[in-house]
Every structure is written in C-alpha cells, then in structure tokens.
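Residue numbers (our numbering), protein chains in the order written: chain G, 1 to 404; chain S, 1 to 342.
If you are wondering where the hints come from, they were derived from the structure by calculation, not from laboratory data. We put the beta carbon where it would ideally sit given N, CA and C, even for glycine. Be aware that one or more of the hints could be misleading.
Unchecked claim - Which chain S residues face chain G? A few, computed with CB under 10 Å, are given here:
id : residue
1  : 97
2  : 112
3  : 129
Stated by the list, open to error - Pairs of lysine-lysine residues, derived as PhoX-like cross-links and limited to a Cα-Cα distance of at most 25 Å, are as follows:
id : chain 1 : residue 1 : chain 2 : residue 2
4  : G       : 258       : S       : 118
5  : G       : 349       : G       : 124
6  : G       : 258       : S       : 155
7  : S       : 286       : S       : 314
8  : G       : 400       : G       : 258
9  : S       : 155       : G       : 236
10 : G       : 315       : G       : 400
11 : G       : 238       : S       : 118
12 : G       : 236       : G       : 108
13 : G       : 400       : S       : 108
14 : S       : 118       : G       : 236
15 : G       : 238       : S       : 155
16 : S       : 294       : S       : 308
17 : G       : 315       : S       : 40
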Amino acid sequence: MTDKMNSLDLAGVHHDVPAPESTIEQIKKFWNEEVKPIMVKEWVHIFNDITTLRIAIVIPLFQLTIFGYAINNEVRNVSTYVFDQDQSKASTQFLQKAEATTFFKINKFVGSRDELSDSLVSGKAKVAIAIPPGYNRDFNAGHSSQIQVLIDGSDSNVASQAQSALQLLGSSVSQDKNQKNRIGSMEQSNQLVEVRPRFLFNPNLETAYLIVPGLLGIIVFLVTSFLCSLSIVSEKEKGTLEQLLVTPLSPLGLMIGKVIPYMTIGFFDFNLSLLLMYVVFGIPIRGNFLLLELAVIIFMFSSLGVSLVISALAKSQTQASQLVMMQMLPSILLSGYIFPFESMPSIFKFIGYALPVTHFIAISRGIILRGTEFHHLWIPFLVLLVYGLVILRISVKVFKKQIA
Amino acid sequence: MNSSQNTNIHPVGAHHDEPANPYDNNVIIADKLTKAFGTKTVVDDVSFQIKRGEIFGFLGPNGSGKSTVIRMLCGVLNPSSGGGSIEGIDITKASNQVRRSVGYVSQKFGLYPDLTVKQNMEFYGRVYGVNDEKIKLRIQQLCKKTNLTPFLENKAETLSGGWKQRLALACAILHEPSVLFLDEPTAGIDPVARREVWDLLFELSTEGMTMLVTTHYMDEAERCHRVGYIYMSKLIALGSIDELTALPNLYPEGYHQVVIQAEPTMKIYAALTEMDFITNVTLFGKNIHCVSPKELPDEEFKKLIIEKIEDAFKPSLSAITIEHSKASLEDVFVILTQRQAQ
Chain G
1 MTDKMNSLDL
11 AGVHHDVPAP
21 ESTIEQIKKF
31 WNEEVKPIMV
41 KEWVHIFNDI
51 TTLRIAIVIP
61 LFQLTIFGYA
71 INNEVRNVST
81 YVFDQDQSKA
91 STQFLQKAEA
101 TTFFKINKFV
111 GSRDELSDSL
121 VSGKAKVAIA
131 IPPGYNRDFN
141 AGHSSQIQVL
151 IDGSDSNVAS
161 QAQSALQLLG
171 SSVSQDKNQK
181 NRIGSMEQSN
191 QLVEVRPRFL
201 FNPNLETAYL
211 IVPGLLGIIV
221 FLVTSFLCSL
231 SIVSEKEKGT
241 LEQLLVTPLS
251 PLGLMIGKVI
261 PYMTIGFFDF
271 NLSLLLMYVV
281 FGIPIRGNFL
291 LLELAVIIFM
301 FSSLGVSLVI
311 SALAKSQTQA
321 SQLVMMQMLP
331 SILLSGYIFP
341 FESMPSIFKF
351 IGYALPVTHF
361 IAISRGIILR
371 GTEFHHLWIP
381 FLVLLVYGLV
391 ILRISVKVFK
401 KQIA
Chain S
1 MNSSQNTNIH
11 PVGAHHDEPA
21 NPYDNNVIIA
31 DKLTKAFGTK
41 TVVDDVSFQI
51 KRGEIFGFLG
61 PNGSGKSTVI
71 RMLCGVLNPS
81 SGGGSIEGID
91 ITKASNQVRR
101 SVGYVSQKFG
111 LYPDLTVKQN
121 MEFYGRVYGV
131 NDEKIKLRIQ
141 QLCKKTNLTP
151 FLENKAETLS
161 GGWKQRLALA
171 CAILHEPSVL
181 FLDEPTAGID
191 PVARREVWDL
201 LFELSTEGMT
211 MLVTTHYMDE
221 AERCHRVGYI
231 YMSKLIALGS
241 IDELTALPNL
251 YPEGYHQVVI
261 QAEPTMKIYA
271 ALTEMDFITN
281 VTLFGKNIHC
291 VSPKELPDEE
301 FKKLIIEKIE
311 DAFKPSLSAI
321 TIEHSKASLE
331 DVFVILTQRQ
341 AQ
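If we strip away everything but chain G, and leave its shape as in the complex, we get:
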C-alpha cells in the first residue's frame, strides 16, 4: 500500500509543474476535459427525459401554429342577427353587401326587437342589425334612411372593428346609389344610408371589460392546477405517497382530501379577483352572482381533475410544472380570452371548445358583462359539468393505476 501512496504523491508533484502550453492547446484542453464531459452528460440527460424533450419540441410548434394561424387580429365571421322589417330588394342588397365583407356572418333573421336584443344578451350574436320599415322606399326615393345596429361592447376590439366596418358599409352603399343617380342629380351626394351603431354593455369600449372577466377563468385555472399537481408530485418525491398507500386511506379519499384545500384557495382567489374587478376596474356584475359562483365550482372540478392526471403522469415537480405550462398556452390563446374565437380556423376552434376554460370564460363574460340568464348559459354549464365528471373519473383511474 505504501508503494502506491508514494507513486500517487509523485504523480501529484509532476502535476504542479506543467509544461508550458500554447493558448490553443489550453483551449483544447479546457474544451475536452471540462466543457465536453459536462455537455455530453447533459445531452444524455435531455434525451433520457422524454417528457422534457417532447415539451421542448411541442412548445415552439404549438406557438408558431397558434400565433401564425389562429391569432388573427383581422376579425372575421362575427355572429350577426338581423331584424329586417322591410324585407325588400334594397334591404337584401344591404345585407348581402354586409356579408360580402366577411366581417359579418348573418346567423339568423329574427322577428322582433326583443329577440334582437336577446341575441346579444345571450351572447349568440355580437352584432344586431335592425332595418327599418320603408327602407326600400326611402332608399329608392333618394331619402336618407337609418339602420340601427347594436354591438356587444364587451369585446372592445371586435366592437370597434365592427363599428368602422359598418360605417364603411353605409358609405359604400350610399356611394353606389349616388353613382347611379349621378346623371339625375349631381348635388345629391349626401349620406343616403346612415348606420347608427350603439354599444351595449361597455359603452366606452374599455379593454378591461374584455380582459378581466376572462382573466378570472385563467387565474382560477392556473392557481388550482398548479398548486394541486405540485403538491401531489412533491408527495411522490418525498416518499410520503408510498407511505400513505399502506394506510387504510382509499385513493378516492386521498384525492378528495387533496383537492378540497385547493378548491377553497381557487374559490377565494376568484372572489378576491371579482372584488378587485369592481373596485379597481369598475366593472360590476350585471347578472346572477350565485350562478357565477356555481360556475366556478363546477369549473374547478375539471381544472383540478386535469391537475390530478398531470400529477399521476409527472415524476418530478419540474415535469409537473412543465405539463401545467403546456396546457396553459392553449388555454390563454385559444379560449377566446384574448383573441376572438370567431376568426380562428376551425381546427383551433375545435381545440378551443375542448378546453374547459373556454366554456367558463363564456359563462363569466355572459353573467358579468351582459347579465345573461341561466336559460342562455345552460350549454356551457352542461359542458363544464360533463367535463368535470369525465376528467375526474379518468383521473381517479389514472391515479389508481399509478399507485398500484
């Protein structure tokens, strides 16, 4: 053994007096002996961790396609309801011209003013056009006529674009008529068709009306799914989950016990945000407050269900947060939270409809901004409920399988 020790010492002595090296050799050595081993090891880690690798590939693809295709500041296909009291050639022409802009998509003709305003409250339409009786006559006679338009102001972006599109439409229809009449009377170049838009729900077109009620859903979603999945995965890491499994606790009891505190936190956050919304942004809740609270509870079932699935799949807290972030992205971009749903390509609409948060945002905007009643909201409510039940069921299964 002593022999060995000596030789080791000698080696050490040699090391202290290195032969003079050129800079290039030093760099080479630095690369080969210091950078390379770490780098090679890191690549192995990255390729071993399939989840991270997938995320590294999926996120840019996702972002590029969403930002490139789905997000279109140019608004199109805005749902439009029409109350045509004239039913004439001129009114049909006006409406055809409106549809030709691709901005408006006429979804329904209604038979009364009440139905027209109802379509806005329920959220089925964002633009409601009322053509007055005698429009054809006035138009042909060269008298000016007024077309009343109601615009849902809660999405300030869509609303202001609708306004300019309508005004453009009005003057273009007038101009056409003027050109035809030009031979007759040159001096009659005034505005024949006057489109009078009125904004409902958000008369000043404040952006906060668009952002805040939608943000409520995003906040609840983020807080609950993040905290809950991290807490379960951390039990996995600590080994306490393994310990809990040998106790008489049932997986269902364990899950519910885990979920309730985060539901409470989510509920608290939601109400705090509502308060701030009123105090800071001055946005009141027009509709039924209790209905809104019910909606958030149902919504949290699905967001927490998703987090349970994530926590069953993720091996570490890092992975769990990556997975949460991954579903955050479509939830923000495709849910209609910022970018209007109508102008997205149908594949993204489909993804958007598949996200629970989309339906919650529809409910929260409806109740808060437009005072929508339950009979207009039962579809998103039902969707959220079904989602919640299905996801919870799946998560119980995945969870049980994971721990068995």
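Put chain S on the given structure of chain G with help from the hints.
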C-alpha cells in the same frame, strides 16, 4: 393454493371473535405468492411463515422482488396468484383490515419535512383512525421509547437521519399494529443510529411485534431470528443463520473453503485470482476466502496455496495463517445467487 400450507391460512375474521386463541403462532403467512406485470414475473411462488415476535430478515439484490412481496402482504397490491394472511386475515379479501394491523417503514422515511415531529405523528395516527385522546397517549409512550420528546415541536426536516428513522418508526407503530414491515430501514444512516434502531426493534420484538425487515447489510441480517433470500423473483433460501451456513449442499459436493491471512494482502489476493485451480476467491478486509477445487482434501489445498504464495512473494512475505472455514452469511448468498444464475 392446494399446498399443505393452505391449512395455515384462516378465513377472514375467524379469529376476531376469539382473540385469546393462540392460532398456531404464524402471524405472517405468504403462500405461493406470485405477481406478474404483463409477461414479467416479479415474484414467483414465494412462501414463508413468520411467528409472533420474530424478526425475519428479507434479503436479496435490488429489483429481486422484495418490495413487491411486502406490498402484497400489506394489501396494497393484489397477487396474481397465491395468497397470504396477516394475523389470520386474508390479504386478498380484506386488504383494508390488513392495512390497519400492519405498520410500514420505508427507506424514504415517509415523513412530511415541513410538519413538526408531533404533527407527523398526529397525522399518521388520524389516517389510521386513532382517536385524539389515544393519539396523545401513544405520542407520550412512543416519545419515551424513542427519546424524541425534546424534538416534538421541531420540524421533521431538522432531524438527522437516525432521528428521522426513529420518528418514521414511531409514526408506523402509533396505531399499535402487531406486524411491522421495514423496507431497508437503516439505509444511509450511521452505525450508531443503526445500532439504536435495532435496539428498538428488539424491544418491540420482545413485546410481541412481528417484523419483516429487508436489508443489504449482512451484520443486520445476522441479527434476525430467521432470514429468507430472494433472487430473480424466487425465494432461494430460508432458515436461521446457523441453518443456512450449515447447509450441507451449500458448496457443491467435494468443495470446501479456507481463509488466508497474509501480507501484502492485495497482491496475494490478485495472484490467487489468477490461479486457475481455485474455484472462487473473495476478499474480506484482510481475509481472503478461497474455495477449493473439486475433490481436493483440505490439507492438500492448504499446502498447495502456501507453496504458491511462498513461491511468488518469498522476500516480502509476512507470516501466513490459513485455516478451514465455515461459510459466512454473505458467502451463502453469493454462492446461492451464482448457482441460481447459472
């Protein structure tokens, strides 16, 4: 399931009405336990019985199926075939009842680092349905036993490995189970703490606690009343230490082992491994264990080795001692494992 051991397995609840009945003392029974995940059999036909108050050492390399056996016996995992019982309760039929009568200490301790010592104990008490008054009493009793009293209000993360281990043990037995499973309870803790944990285990054993302990430490295995050795999902040895080391067919017929002490040990060991006539050479500190070639009598084997060593190391050689030896527990397992692998 048609084996004679089947008679040892009692139907669920058969003993609950008559707790005084000293039912044949086998508290833990594994009967042809088998578990397959897909096509992979991780536990294959494992049977053993553990008597009341016995400390049973469960040994085997990592991945050999020890933990899976424990999880089946705890009622967490259903066996693919075979069965077993804890205190006469069928593990496949009443897993919930089984879990209540079993305590479990894992290698990872299973403690909540941000909870205090007391909060950890209270939590595990409640999970097992112990009422608050009883929990209070049990915490007092267990603190006395484990000396945890001064740390009661400290967070678990501030404890050192040995103290964490005691806390894990306290949490596992707070609900007064009669059976305790310990999965590598002393991995990574220092020798003094290990000794203390074992003292605690012996104390529990004298109080009638039945224990199954997995370990990689041979000295710990030697403290167990009986050991079982599992390898590649099969139980390949079962018995007391004396029984195992005295196995007549431990070495194949005609082989035996000698222990050599000589300086310079490393060089002699290296030289011996080069010698083709020796069946197996293993180093234990300053002792070199050599297994003889077939049909070579003890004395001749010794003489041959001395000759060879002297030839090679004459000038630097110190005194050689060489004597016949019985197999150690580790020898037993190494030999059994090698044989099974062939």
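Quick rundown of the hints versus the structure:
Interface hint at residue 97(S): satisfied, since its Cβ lies 8 Å from the closest Cβ of chain G, which is below the 10 Å cut-off. With a least beta-carbon distance of about 6 Å to chain G, the hint placing residue 112(S) at the interface is held under the 10 Å criterion. The criterion of a C-beta within 10 Å of any C-beta in chain G is met by residue 129(S), whose closest approach is roughly 7 Å, and the hint holds. The straight-line distance between the Cα atoms of residue 258(G) and residue 118(S) is roughly 21 Å, inside the 25 Å bound, and the hint therefore holds.
Taken as a hint, the residue 349(G) and residue 124(G) pair is honoured in the structure, with Cα atoms around 16 Å apart against an allowance of 25 Å. The hinted pair formed by residue 258(G) and residue 155(S) meets the criterion: a straight-line CA distance of about 21 Å does not exceed 25 Å. Of the pairs offered as hints, the one joining residue 286(S) and residue 314(S) holds, with about 19 Å between alpha carbons and a cut-off of 25 Å not exceeded. Only pairs whose Cα atoms come within 25 Å are accepted, and residue 400(G) paired with residue 258(G) is accepted, the gap being roughly 14 Å.
Between the alpha carbons of residue 155(S) and residue 236(G) the distance comes to roughly 19 Å, so the proposed pair stays at or under 25 Å and holds. Using a Cα cut-off of 25 Å, the hinted pair residue 315(G) and residue 400(G) holds, with the two alpha carbons roughly 15 Å apart. This hinted pair checks out: residue 238(G) and residue 118(S) have alpha carbons roughly 18 Å apart, not beyond 25 Å. For the hint pairing residue 236(G) with residue 108(G), the CA-to-CA distance comes to about 54 Å; that exceeds 25 Å, so the pair is violated.
Pair hint residue 400(G) plus residue 108(S) holds up; C-alpha atoms about 21 Å apart against a cutoff of 25 Å. Taking the CA atoms of residue 118(S) and residue 236(G), the gap is about 22 Å. The hint holds against a cut of 25 Å. Between the alpha carbons of residue 238(G) and residue 155(S) the distance comes to roughly 15 Å, so the proposed pair stays at or under 25 Å and holds. Our distance criterion of 25 Å between C-alpha atoms is met by residue 294(S) and residue 308(S), whose separation comes to about 18 Å.
For the hint linking residue 315(G) to residue 40(S), the alpha-carbon distance of about 23 Å falls within 25 Å, and the restraint holds.
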